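Enquirer: The chain contents come next:
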Amino acid sequence: MRTNVRRNVAAALASALAVTALAACGTSSSGDDKPQASGSSTDAATPLDPKAKVTISIDCMPPAAKAAELKEWKEDVAEFNKTYPNVTIEGRSTPGQCLEPPRFTAMLKAKSQPDVFYAYFTDLQQVLDNDGAQDVSAYVTPASVPALGDIDKSVMDVLRRDGKLYGVPTSNYTMGLLVNRKLFQQAGLNPDNPPRTWEEVRAAAKKIAALGNGVAGFGEYSVENTGGWHYTATMYGLGGDIVGPDGKAAFNNATGRQIVDNLRAMRWEDDSMGKTQLLKWGDLQKQMASDKLGMFLAAPDDITYMVQQLGAKYENFGMGPIPGGAATLAGGNGYMFKKGSSPDQIKAAVAWLNFKTLTIGKGQFQYDRSKADGLPVGLPQPAFFTGAGKAKDDELKAASATMPVANFKPFLDNPVPGKPEPVKAQEVYKVLDKVMSGVLTNKDADPAQLLGEAEKSVNQVLGNQ
Amino acid sequence: MSAPTLPRDSRAEFVRAFKRNLTAHGFLIGAVLCFSFFSWYPMVREFLLAFQKTEGGATRWVGWDNFRYVFADPNVWQAWRNTLLFTGLALLLGFLVPFVVSLVLNEFRHAQGYLRLLVYLPVMMPPVASILLFKYFYDPGYGLFNRALEFLHLPAQDWLQSTDTAMLSVVIASTWMNMGGATLIYLAALQGVPGELYEAAELDGAGLLRKIWHVTIPQTKLILSLMLLMQLIATMQVFVEPFLLTGGAGPEGSTTTVVVLIYQYAFSFNQYGGAAALGLCLLVLLAGFSALYVRLSRDNEN
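Residue numbers (our numbering), protein chains in the order written: chain A, 58 to 522; chain B, -2 to 299.
What the hints contain is simulated information worked out from the structure, not anything from laboratory work.
Every value quoted in this text rests on a predicted model; they were computed, and no experiment measured them.
Be careful, since some hints might not be right.
Examples of chain B residues lying across from chain A (beta carbon under 7 angstroms, computed) [unchecked claim]:
#1 A69
#2 P71
#3 D136
#4 Q158
#5 G202
#6 G204
#7 E249
#8 F264
#9 F266
Calculated lysine-lysine pairs in the DSS-like style (CA-CA distance at most 30 angstroms, straight line) [stated by the list, open to error]:
#10 A:K168 <-> B:K50
#11 B:K50 <-> A:K343
#12 A:K513 <-> B:K50
#13 B:K50 <-> A:K396
#14 B:K132 <-> A:K239
#15 A:K454 <-> A:K210
#16 A:K481 <-> A:K168
#17 A:K370 <-> B:K132
#18 A:K332 <-> B:K132
No residue lacks a Cβ here, since even glycine has one placed at the ideal position from N, Cα and C.
All chains should be built: construct the whole structure from the sequences, respecting the hints.
Expert: So, in C-alpha cells, the structure goes:
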C-alpha cells in the first residue's frame, strides 16, 4: 500500500512538473487561432467586415505609470469598438521603454511577438531575416487608411522592401539642433536663431562654455553606437554619405575630415564640450535638462523625455535645423504584423492603427483631448503628413498647443530632406563610435588615422557576408 | 530492517532499486528539467547556432561561415587583445592585492574580525551600484579621484577616457569589487599553515620576506594555483564592468571585451551565428583552463 501511495505521489509530482515546464515553454500566440466566425473574408482589398469576430494582441499599450496615455488608449478602444464591436484588442504594456533593442531581437528569435508589434524603422531587416512580418501591401489602401495619400511617401518607403509593405508608421522624426534657450540668453545669443553652420555652432559653444560653472556649449555621444549615429547625422547635414552607392565606406574624405576637425577644435582648442566623454543616449539630455549643456543634435521627442522624465520645462528648449542643412537623418517607428496572422486579424489591426495613429483629429492626433489630459501638444513630431493633411493637422495642433511652438519655428520653417540610416547601421555605428571617442578623448588623435582605420573596418563590415 | 531473501536476478534488483528511489527520482525531475531547459538545451542550441544562419526567414547550415565572419571582423582581434589585457592586469592586481592583504590581516592579533568584514563589504554591494560609484569617482571633471590627486599636487588623470588607462581603471574597479572573497580564502589558507614552521624558520634566521618565500608560499601553493586558474576563467569572461563603466567600448574601443562583443553581435547586430561562433571559441579556451583546474584540484585532494 505504502509504495503505491509513494509511487502515485512521485508520478503526480513528475507529471505536475512536466506540465509546468511545458506551460512555461509554450509561447502564447493568438496568431494561431484562426477566426471561425462568419463574416471573415480572405480578400485583402475589402476592409474589415464589422461582423467579423477577431482578436488581436498588440504591444506598446501605455503602461499604468503613464495614466493619461492609458486612459486615452482605453477610450480609443471603446470608440473603435462602436464601429467594430467584434474586434477584441488585447493590449500589452511594458513598464519603462517599450522597445528595448536587445529584448526585441530576442523576441524575434523566439517568435514571441504579438500579432501587431511595435518596431523602429531600422528594425525591418532583422524582422525580415527572422521571417517575423507579413506583407500587408494589399491591406493598406486608401479604403482602409483614408489619409494614406497625405502620408509622406518617403516615410512609407522606409517600411517597404522589394515593393512589399511590411508596416505602418506611428511616428517619425528628423534630427535637428536642440538648444537650451536659457543658456543661449545668458551667453548673449539669440535662441530664436540657432546656429545654422558648424562654424556658428563652434562660436556659440565657445560663448556658452564661457559661462563657466561646468557648463558645456555643445555635447556629443561616443559609445553604444550612438556616436556613430550622430557622426552619420552630421555627415548627412553636410551633404556627405556614410555608405556610397557602390556599397563602400564613403566618409573618409574632406567632409568626414571636417567633422572630426571641428569636434577636435571644440573639444580641445575651445574646451567647449565638457571634460566628461564616452556619453550615450540619455547623458546629454540629463546635462541639458539641468542647464549644463547648450546644444546637441537630437530628435524633437528628446524634449518630451527631458520634460517627462527629468523634470525640465518645455519653454526652456528650442530647435533649429541640422547644421549644414543638406539632408538630415530620418527615423521613426511603427507597427508590423506578425507572419501567419489571418487576413481578418490584419484587417482588424489596420483598422485599429488607422483609427489610433493615422487619422487626423482622432487617436494620437486628437489634440484637444491630449491638452485636456495634461499631455504635451506642439512638438514637431510625428511629421509624416503632407499637403492638405499637414495643414489640417498643424491647425488642430496649434489650437491646442501646450508649449511655445514658436521655439520650433526655425526647425519647421527650414525643412531639411530626411535620409534613412545606412545599411548595417548598428555595425557601422560601432566602428564610427571609435572615431568619435578617439577625437573626444585623445588630444593628440590623428584624424586621418582615425578615419582611415574606420574606413577599413566599415568596408570589412560591409563586405562581410 | 530484515529484508526477505530475494532471487538474485539483477533485472529485478534494478527494478526494485528504482522503485525504492522513486520519490527521489520524482524530486530529481524538477532539477533535471530546469537544467535541460535553461542550461543544457541552450548549450546544444548555441553549438548548432554557430553553424547556422538565419536570413530572409530561412535558417540554413553554413558550415564554418560564422567563424569566418568572426575572424574577418576587425573588432574581434581588438576584443581578444583587450580581454587578455584585462586578464593580465586583473591577475596582477586581483591576485597580488588580496594575497598581500590577507598576509597583513593574518598578522593582526586584534580586530581581525572587523577587518575581515571591511574587506568583504564591497562584495556585498550590488555590482551595478559599485560600478556607478566608480563611474563618478573616475569622472575627469568632478570625480573624486582627480580631486584627490589635485589635493596631493599630482597631475590629473583621464582614467576611463584615455586608451592608456581605460582598461587599468576598469581593473581597479573590478578588483575593489571582487577581492573580498579571494582575501578570505587566502586568509583561511594562511591560518592553516602550522606555526612551528615559522618558528623553525625564525630560528634559522629568516626575515619576513624569506619566511613568506620559503614557508608561506610553498604551504599555500595549491590554493594559490587553484585561485589563479579560477580567476583566469572568471576574468576571461568579464562583461559587467566594461559594459557599464565604458558603454562596452571605451575610447576607440579599448575596453570592448570578447563577451561584450558576443553580446553586441547577438543583440545589436542580430548576428546570432557570429555570437555563437565567438562563444564557442571562448568556450574551447576556457575548457582548457578548466581541465587544468580540475586536474589541480584532484591533486589537491590526494
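Enquirer: Which of the listed hints are not met by the structure?
Expert: 5, 6 and 11
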